[in-house]
Structures are given as structure tokens and as C-alpha cells.
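Keeping their order, the protein sequence lines are chains A and B. Counting with our numbering, you get residues 1 to 114 for the letters of the first sequence. Counting with our numbering, you get residues 1 to 113 for the letters of the second sequence.
Hints were generated in silico from the structure; no laboratory data involved. For clarity, every value in this text was computed on a predicted model and none was experimentally measured. Watch out, some of these pointers could steer you wrong.
Below, a list of computed lysine-lysine pairs in the DSS-like style, where the Cα atoms sit at most 30 Å apart [unchecked claim]:
id, chain 1, residue 1, chain 2, residue 2
1, B, 58, A, 57
2, B, 94, A, 57
3, A, 13, B, 58
4, B, 42, B, 58
5, A, 1, B, 37
6, B, 68, A, 1
Chain A regions said to be covered by chain B (calculated; three or more residues, Cβ under 8 Å) [said to hold, decoys possible]:
id, segment
7, 12 to 20
8, 60 to 69
9, 74 to 81
All C-beta atoms in this analysis are idealised placements derived from N, C-alpha and C, irrespective of residue type, glycine included.
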Amino acid sequence: KAGVTQTPRYLIKTRGQQVTLSCSPISGHRSVSWYQQTPGQGLQFLFEYFSETQRNKGNFPGRFSGRQFSNSRSEMNVSTLELGDSALYLCASSLRGAQDEKLFFGSGTQLSVL
Amino acid sequence: GENVEQHPSTLSVQEGDSAVIKCTYSDSASNYFPWYKQELGKRPQLIIDIRSNVGEKKDQRIAVTLNKTAKHFSLHITETQPEDSAVYFCAASKPGGYQKVTFGIGTKLQVIP
């Protein structure tokens, strides 16, 4: 089985731009959750999607949004980028939901905002 | 919401010694406690998890203990090896489809050969 795939691997953007990140979960997994990882802040929960519905959202501004498609692939969008958005963005998939079982992480997208 | 505190933030041990990482959680309804290991430049991977109906779980050199009364759980690594060097994250969550996983801030473990 293929693992969780995130694209692109690296992104360099300037302030004010917007960006879209993609995540393809393991086949059969219906839950996709997104996390922001920065040095000293650990893994901050962004949101979780299950069967195309957002089930939960973390404490991030509305500039951060996402969606999930019928094939369970998910995208995350960040609009009006700020310098502080520079981080590694990880997605993770699971069968039933992030709150109850093992998460399978992707390799992440390293976003740099200049 | 849930708050997970993790200590220490960095830990250095000699090869062969034991390492212990501790986490506390705030929500007594939390019942699932996974530990993830993230090697440098790689994705986090689950190494062990425990549910609230169990007090201890072992997998070779790794063990996790849970004290529900005190709301804390710990990761124990015995006979550490250089390949154990990584960042370790604890996490906590409670049941229900609309619950999220809350991670600790991470512990950078360095095993000195």
C-alpha cells in the first residue's frame, strides 16, 4: 500500500500570496488531519476532514482553510501569507478518525514565506 | 480544551542508559495516548500507544505507563541506542468523532555513543 503523499515537498512564497497544499491519504482511509510544525511549538492541529466534512478545527485564523474530495484527497489553503506561516505542514490519515487510532503521516510540505 | 505538557524538552543519555519522557494532560475524559517518533528530516511515526483501560504497555525496549488519577503518562526507553535519537511527541485525545488529537511540544532525545 502506498503511504500518505504530500505535494509539493517545498514551497517558497512571498507575503500576501496564497498557497495550496495537497495530501493523498492511504487507500481506504477516510480521515485526513492537518498539522503545523514549527521549532519549539510541536505539532499544532489545524483541522480534520472525514468523508468530505470538516469535523474539527484548531485555533488558527480564517486564512487557513481546507477541503476534502470524494476520493479522500485533501487540500489545505493559506491565503494572504504572513512571515509567521513559515513551517512544515504535515497531513495524516487514518481509517476512522484522528482521535482514536494510529495516524499515518506524510513527509510534509516545507513552506517558506519571504 | 485539552492541554498536554511534555518534559523535558531535550534529553541527552549515554548509549545503553534508560530515557524517560513525561507528559501530563488536563482533560480527564481523554482515553487514547499515542507516542510518535520523528527522526531528523523524516515523518512522525507511531511507536507505541495506550488506552485508558490499561496501566502499562511494553514493546521490546519501549514501554508506556499511564496514571489516570494523576493524569500523566510516560515513555520509557531502555538500553538506548544511537538510532533512538529523535524527537518524541506524546499526544492525548478523547472519544467522539469530533474530537481532535492534542500533541505535546516534543522531546529531543540524543543518545551519545
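Here is what the structure says about each hint:
Pair hint residue 58(B) plus residue 57(A) does not hold up; C-alpha atoms about 33 Å apart against a cutoff of 30 Å. A threshold of 30 Å between alpha carbons decides the hint, and for residue 94(B) with residue 57(A) the separation of about 15 Å falls inside it, so the pair holds. Proximity of residue 13(A) to residue 58(B) is assessed by CA-CA distance (about 45 Å); at most 30 Å being required, the pair is judged violated. Pair hint residue 42(B) plus residue 58(B) holds up; C-alpha atoms about 24 Å apart against a cutoff of 30 Å.
Taking the CA atoms of residue 1(A) and residue 37(B), the gap is near 21 Å; set against the 30 Å cutoff, the hint holds. Taking the CA atoms of residue 68(B) and residue 1(A), the gap is near 36 Å; set against the 30 Å cutoff, the hint is violated. A count of 0 residues in the segment 12 to 20 of chain A with a Cβ less than 8 Å from any Cβ of chain B is obtained; the coverage claim is therefore unmet, three being the minimum. Counting residues of the segment 60 to 69 of chain A whose beta carbon lies closer than 8 Å to any beta carbon of chain B gives 0, which falls below the threshold of three, so the coverage claim is violated.
Counting residues of the segment 74 to 81 of chain A whose beta carbon lies closer than 8 Å to any beta carbon of chain B gives 0, which falls short of the minimum of three for the stated coverage.
Comparing the model with each numbered hint stated earlier shows that hints 1, 3, 6, 7, 8, 9 do not hold.
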